[in-house]
Amino acid sequence: MDTFLLLLAPALAATINAGTPLMLAAFGLLVNEKSGVLNLGAEGMMLVAAIAGFAVTSATGSATLGFAAGALGGMAAAAFFAVMVLWLNTNQYATGLALSIFGAGLSAFVGIPYTGMSLKASSTAIPVLSKIPFIGPVLFNHHPMVYIALVLCASLAWFLNHSRTGLVLKAAGESPESAHALGYNVRMIRFAAVLFGGACCGLAGAYLALVYTPMWQEGMTSGKGWIALALTTFACWKPWRVVAGALLFGGVTILQLNLQGLGIAVPSQIMAMLPYLATIVVLALISRNPDWIRLNIPASLGRNFNPNAA
Amino acid sequence: MLDLKKRSTLKAGLLVFASSVMLTACGEKTETKTAAAPAATPAATTTAAAPAAGPLKVAFVYIGPVGDAGWTFAHDKGRKAIEADFGDKIQTTFVEKVPEGADAERVFRDLASQGNKLIFGTTFGYMEPMLKVAKDFPDVKFEHATGYKTAPNMSVYETKTYEGAYLAGVLAGKTTKTNKLGVVASFPIPEVIRNINAFTLGAQSVNPEVSTRAVWVSSWFDPAKERDAAMTMIGQGVDVLIQNTDSPATLQAAEEKGVHAFGWDSDMSAFGPKAHLGSAIINWEPYYKKTVQSVLDGTWKSGQTWWGVKENSIDLVNVNPSVPEDAKKAMEEKKAQLAEGKAIVFAGPLVDQSGKEVLPAGKEADVAMLKSMNFYVKGVEGSIPK
Numbered sequence: 006m007d008t009f010l011l012l013l014a015p016a017l018a019a020t021i022n023a024g025t026p027l028m029l030a031a032f033g034l035l036v037n038e039k040s041g042v043l044n045l046g047a048e049g050m051m052l053v054a055a056i057a058g059f060a061v062t063s064a065t066g067s068a069t070l071g072f073a074a075g076a077l078g079g080m081a082a083a084a085f086f087a088v089m090v091l092w093l094n095t096n097q098y099a100t101g102l103a104l105s106i107f108g109a110g111l112s113a114f115v116g117i118p119y120t121g122m123s124l125k126a127s128s129t130a131i132p133v134l135s136k137i138p139f140i141g142p143v144l145f146n147h148h149p150m151v152y153i154a155l156v157l158c159a160s161l162a163w164f165l166n167h168s169r170t171g172l173v174l175k176a177a178g179e180s181p182e183s184a185h186a187l188g189y190n191v192r193m194i195r196f197a198a199v200l201f202g203g204a205c206c207g208l209a210g211a212y213l214a215l216v217y218t219p220m221w222q223e224g225m226t227s228g229k230g231w232i233a234l235a236l237t238t239f240a241c242w243k244p245w246r247v248v249a250g251a252l253l254f255g256g257v258t259i260l261q262l263n264l265q266g267l268g269i270a271v272p273s274q275i276m277a278m279l280p281y282l283a284t285i286v287v288l289a290l291i292s293r294n295p296d297w298i299r300l301n302i303p304a305s306l307g308r309n310f311n312p313n314a315a
Numbered sequence: 300m301l302d303l304k305k306r307s308t309l310k311a312g313l314l315v316f317a318s319s320v321m322l323t324a325c326g327e328k329t330e331t332k333t334a335a336a337p338a339a340t341p342a343a344t345t346t347a348a349a350p351a352a353g354p355l356k357v358a359f360v361y362i363g364p365v366g367d368a369g370w371t372f373a374h375d376k377g378r379k380a381i382e383a384d385f386g387d388k389i390q391t392t393f394v395e396k397v398p399e400g401a402d403a404e405r406v407f408r409d410l411a412s413q414g415n416k417l418i419f420g421t422t423f424g425y426m427e428p429m430l431k432v433a434k435d436f437p438d439v440k441f442e443h444a445t446g447y448k449t450a451p452n453m454s455v456y457e458t459k460t461y462e463g464a465y466l467a468g469v470l471a472g473k474t475t476k477t478n479k480l481g482v483v484a485s486f487p488i489p490e491v492i493r494n495i496n497a498f499t500l501g502a503q504s505v506n507p508e509v510s511t512r513a514v515w516v517s518s519w520f521d522p523a524k525e526r527d528a529a530m531t532m533i534g535q536g537v538d539v540l541i542q543n544t545d546s547p548a549t550l551q552a553a554e555e556k557g558v559h560a561f562g563w564d565s566d567m568s569a570f571g572p573k574a575h576l577g578s579a580i581i582n583w584e585p586y587y588k589k590t591v592q593s594v595l596d597g598t599w600k601s602g603q604t605w606w607g608v609k610e611n612s613i614d615l616v617n618v619n620p621s622v623p624e625d626a627k628k629a630m631e632e633k634k635a636q637l638a639e640g641k642a643i644v645f646a647g648p649l650v651d652q653s654g655k656e657v658l659p660a661g662k663e664a665d666v667a668m669l670k671s672m673n674f675y676v677k678g679v680e681g682s683i684p685k
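As they're listed, the protein sequences go chains A and B. As numbered in our numbering, residues 6 to 315 make up the first sequence, in order. As numbered in our numbering, residues 300 to 685 make up the second sequence, in order.
Just so you know, the hints here were simulated from the structure itself, not pulled from any lab data. We put the CB at the ideal spot given by N, CA and C, even for glycine. Accuracy of the hints is not assured; some may be wrong.
[As the list claims (entries may be wrong)] In silico DSS-like cross-links for lysine-lysine, where the CA-CA straight-line distance does not exceed 30 Å: (1) B:Lys588 / B:Lys431; (2) B:Lys609 / B:Lys677; (3) B:Lys627 / A:Lys125; (4) B:Lys434 / B:Lys670; (5) A:Lys125 / B:Lys396; (6) B:Lys573 / A:Lys125; (7) B:Lys476 / B:Lys589; (8) B:Lys556 / B:Lys628; (9) B:Lys589 / B:Lys388; (10) A:Lys136 / B:Lys573; (11) B:Lys589 / B:Lys376; (12) B:Lys431 / B:Lys448; (13) B:Lys476 / A:Lys125; (14) A:Lys243 / A:Lys175; (15) B:Lys600 / B:Lys589; (16) B:Lys434 / B:Lys588; (17) B:Lys448 / B:Lys434; (18) A:Lys125 / B:Lys556; (19) B:Lys476 / A:Lys136; (20) B:Lys627 / B:Lys448; (21) A:Lys136 / B:Lys556; (22) B:Lys677 / B:Lys476; (23) B:Lys396 / B:Lys662; (24) B:Lys609 / B:Lys379; (25) B:Lys589 / B:Lys379; (26) B:Lys589 / A:Lys125; (27) B:Lys685 / B:Lys662.
[What the hints assert, rightly or not] Far from chain B by the CB rule (all over 12 Å, computed), these chain A residues: (28) Leu43; (29) His167; (30) Glu182; (31) Tyr189; (32) Leu306.
In isolation and in its complexed conformation, chain B is listed as follows:
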């Protein structure tokens, strides 16, 4: 029989083994794409002098794995794009799967002290850690996605995902037979409510008969539950669905039941070739390109950016060939208007669920109204969970 000491050694060994595999599998991975950095790297910490010869070091911090087929995948596509655009003028690094909170601060601090001069953080929860690190590295430019706090060396940027939802709504309004649309929703925050409203308004712009309902799954990522929510709505007669969650499960459910749905954040057509009407995607390249250029030129300024179709940051792509020509045309027309910068999505007269006018005719919703949206427009059924 094994003695006690040996047994506990074995146990400890097993745990160490398991946790080391965990670390390899889930830990962060830093991948420096450009070959050998010039020997000047250590200088970065010792002097903040004028940009020395050698590439601008740009770093990205991601919340998810680059292979998530959604949010992080789209950001990493942007990173690869600027790498191609700027060639050897820049050198990019990314760290994936960094949880929101204290660990993020360590990662930002590490990247800043390794000589990265421009650092992007791509999730809301990085706001506070980034703000702290920004104070300690005044010569490093920080860029935070989807937050609201800025600093002299920290900007925020976001994309108008609701414009993509609106364009999807146009296709949905033209495609639906039951006039019932559905949204698989994550959490009742202004961003998601805005997207539900925009989807509904897009559909109503071509088909006044439609109504929308939302089912909340209380998660950004739970494929089985997203599927159940989609199936529930399909069972209740919904025949076009969109999701404001991260997995393609909604699209798969639609494929299985012979109804329609969309891709969100990235092109998801592979998950439901028949059901897929189009994908509302985010293209981060234009913003990343502009930002890198401004740092290279020395013209970078702290600020807030909210880009959409006009700046080529939002698009509806890969429209299914089965979509009728007139529906496609209606969508393209709206897209052209958005590209001209017309605020057609939340424009008066805008009426909320109870029939109260929230925006008179001729007026446009301002940023404050958009960023704090907490009402459903007319045509959305049910109530926002409190």
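In isolation and in its complexed conformation, chain A is listed as follows:
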């Protein structure tokens, strides 16, 4: 039993660590989508933020400034998307896809001088608490951003369900015409939501480049933006379920690596597929129950709203 716990603690800690960037990005996309805008450019925003964060931290040595730069980088990419979609009324799906490709290319180009550089790996432990056996290494030995993500989750849950602004945001996503008729500026509400989405994806990208693997490599997000997009649907647009889903997706990868390390033979290709398989299974399950998904999916998700035509 003791050896089992000894093996379990690092696996659980790694799961939390692996789930954090997914969580951060998915929170942003959730708010984004609650306002009725679907931004498929998550991958591109994360990459832009990753290189922005890495460049700033390697120049200044400050991780805090790096995260700020990452959030700003993500917001800049999101602002570009927002102008196209909200003011020029371009198709949300096409623009989002373009952003994800554009972000990948731009970050690769800007990142050329930074390949082969490394940031100092830092270990962060909360004093006293991290010394508790088992619980310490699992819960209290993480980067501050892990705890910020959880605080963000609680704030979001409150914001969406218990604040007036949250209700207005949801109104813009459910029925932009009604919100407009009531005198709310739907365009600005959506703009703010898209910027928030960019900032969160930015934090996720910066987390990858500054904390998870403290280096810059072209295309280093390797699909995490897409998983975060799937995660919002998986979670039926509920913040706490996003946390559960992120831990599940992170956990599947960690589990398969742990099984391998223990010498349990599972074909590596099948194990590499598991996170994606889990996504498909969950999507299939929730789509079987249309009431479930309809209760939570923003009714106007992906539909443009032009106040001048309303």
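Guided by the hints, dock chain B onto chain A, whose structure is given.
Quick look at chain B alone, frame taken from chain A:
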């Protein structure tokens, strides 16, 4: 409100803009290093006559960006080295980020018709395209890395990366406290299995107690997953790691957790100054130099080359000052034996995982056995994924 036509124009404009940036960022880049080629260039396509005055044009085609800090970076270092060695006798060109497949054929054809007389392709997947182009340009010499097919004007070359893994194993065997070693592995192909075995055998040569385990990430390059794999093994008690993948994430993970690891293909010490025990590197210069010289002399012949420590193609460099003197000495001794050409890595008696003898005492593994290796030696735990 914008009319429909204008909207679609905007959309198209956006896509064109995005894709043009993509092209600039990711597209191939040809960089000719030597100043203005002599006016004779067009002649190259019209006549294949005796080597005219003017430099020998040598071209390199890479799978990755030259800044990948690993595989392609090492090849480009070789290119720069021969440029320095031969001066104005040669003129080199490289094309980076060329995907394996049909696009590679176009690049090879382009380079051959631009008058390059010696063309290197540096990844396995260039084999078929190169073979096709080689047929159409009989007066151009083609050199393919890590493949197995040859033609009258096409050679293959490779390096014995397993010798570097073996030397790393010696340091690992001397350094480990838990006697548990780990390998972050890419795909279960003979090359990678050979490296896992060599790493284990190197460690066992100085410490019979060690065991090795491998975790497969099913990718050559996925930093986050490589890190997760390394962290997993560290959590299971492994305290020295090596990777047969392309990113330095394993070394970074070791640095973070206070254990040890190695650099692979290139010197990666910058990614983990404390954790880094040494880097098993590939030095392509000796082979590139020999090949260019033979083309200049007119003695080039098609063939297969597999060079290692003896030819200075493989080395273990930048050993951490914290490594104890006796460990360093043990490694240097093995390196000296390899440099003399002794086949000490896969030499009998060699026993596989199940205890079966695969090579009797006094025998050495031949190339066929090395190139088709599909078993773990004794001391490696787990099984090879099928």
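These are the hints, each one checked on the structure:
Straight-line distance between C-alpha atoms of Lys588 of chain B and Lys431 of chain B comes to about 26 Å, which keeps the hinted pair within the 30 Å bound. The straight-line distance between the Cα atoms of Lys609 of chain B and Lys677 of chain B is roughly 27 Å, inside the 30 Å bound, and the hint therefore holds. Annotation: proposed proximity of Lys627 of chain B to Lys125 of chain A holds, straight-line Cα distance about 26 Å (limit 30 Å). Between the alpha carbons of Lys434 of chain B and Lys670 of chain B the distance comes to roughly 27 Å, so the proposed pair stays at or under 30 Å and holds.
Straight-line distance between C-alpha atoms of Lys125 of chain A and Lys396 of chain B comes to about 29 Å, which keeps the hinted pair within the 30 Å bound. Only pairs whose Cα atoms come within 30 Å are accepted, and Lys573 of chain B paired with Lys125 of chain A is accepted, the gap being roughly 11 Å. A threshold of 30 Å between alpha carbons decides the hint, and for Lys476 of chain B with Lys589 of chain B the separation of about 43 Å lies outside it, so the pair is violated. The straight-line distance between the Cα atoms of Lys556 of chain B and Lys628 of chain B is roughly 27 Å, inside the 30 Å bound, and the hint therefore holds.
A distance of roughly 14 Å separates the Cα atoms of Lys589 of chain B and Lys388 of chain B; the hinted pair therefore holds under the 30 Å criterion. In summary, the hint linking Lys136 of chain A to Lys573 of chain B is supported, as the alpha carbons are separated by about 24 Å, within the 30 Å threshold. The hinted pair formed by Lys589 of chain B and Lys376 of chain B meets the criterion: a straight-line CA distance of about 15 Å does not exceed 30 Å. With a C-alpha separation of about 11 Å, the suggested pair Lys431 of chain B and Lys448 of chain B falls inside the 30 Å cut-off, and the hint holds.
With a C-alpha separation of about 25 Å, the suggested pair Lys476 of chain B and Lys125 of chain A falls inside the 30 Å cut-off, and the hint holds. Restraint check: the Cα-Cα separation between Lys243 of chain A and Lys175 of chain A comes to about 13 Å, which is no more than 30 Å; the hinted pair holds. For the suggested pair Lys600 of chain B and Lys589 of chain B, the alpha carbons sit about 12 Å apart, so the restraint of at most 30 Å is met. The hinted pair formed by Lys434 of chain B and Lys588 of chain B meets the criterion: a straight-line CA distance of about 25 Å does not exceed 30 Å.
Only pairs whose Cα atoms come within 30 Å are accepted, and Lys448 of chain B paired with Lys434 of chain B is accepted, the gap being roughly 13 Å. The straight-line distance between the Cα atoms of Lys125 of chain A and Lys556 of chain B is roughly 12 Å, inside the 30 Å bound, and the hint therefore holds. Note on Lys476 of chain B and Lys136 of chain A: the hinted pairing holds, with a Cα-Cα distance of about 23 Å set against a maximum of 30 Å. Taken as a hint, the Lys627 of chain B and Lys448 of chain B pair is broken in the structure, with Cα atoms around 39 Å apart against an allowance of 30 Å.
Restraint check: the Cα-Cα separation between Lys136 of chain A and Lys556 of chain B comes to about 16 Å, which is no more than 30 Å; the hinted pair holds. With a C-alpha separation of about 20 Å, the suggested pair Lys677 of chain B and Lys476 of chain B falls inside the 30 Å cut-off, and the hint holds. Restraint check for Lys396 of chain B and Lys662 of chain B: not satisfied, since their Cα atoms lie roughly 42 Å apart, outside the 30 Å limit. A threshold of 30 Å between alpha carbons decides the hint, and for Lys609 of chain B with Lys379 of chain B the separation of about 22 Å falls inside it, so the pair holds.
For the suggested pair Lys589 of chain B and Lys379 of chain B, the alpha carbons sit about 15 Å apart, so the restraint of at most 30 Å is met. For the suggested pair Lys589 of chain B and Lys125 of chain A, the alpha carbons sit about 40 Å apart, so the restraint of at most 30 Å is broken. A hinted pair counts as satisfied when its Cα atoms are at most 30 Å apart, and Lys685 of chain B with Lys662 of chain B qualifies at roughly 29 Å. Distance check for Leu43 of chain A against chain B: the nearest CB is about 16 Å away, which clears 12 Å, and the non-interface claim stands.
No beta-carbon of chain B is positioned within 12 Å of the beta-carbon of His167 of chain A; the least distance is around 35 Å. Here Glu182 of chain A stays apart from chain B, with its beta-carbon at least about 15 Å from theirs, past the 12 Å limit. For Tyr189 of chain A, the condition that its CB be more than 12 Å from all CB atoms of chain B holds, with the nearest at approximately 20 Å. With 12 Å as the threshold on Cβ separation, the claim that Leu306 of chain A sits away from chain B holds: the shortest Cβ distance comes to roughly 20 Å.
Going down the numbered hints, you'll see the structure goes against 7, 20, 23 and 26, while the others check out.
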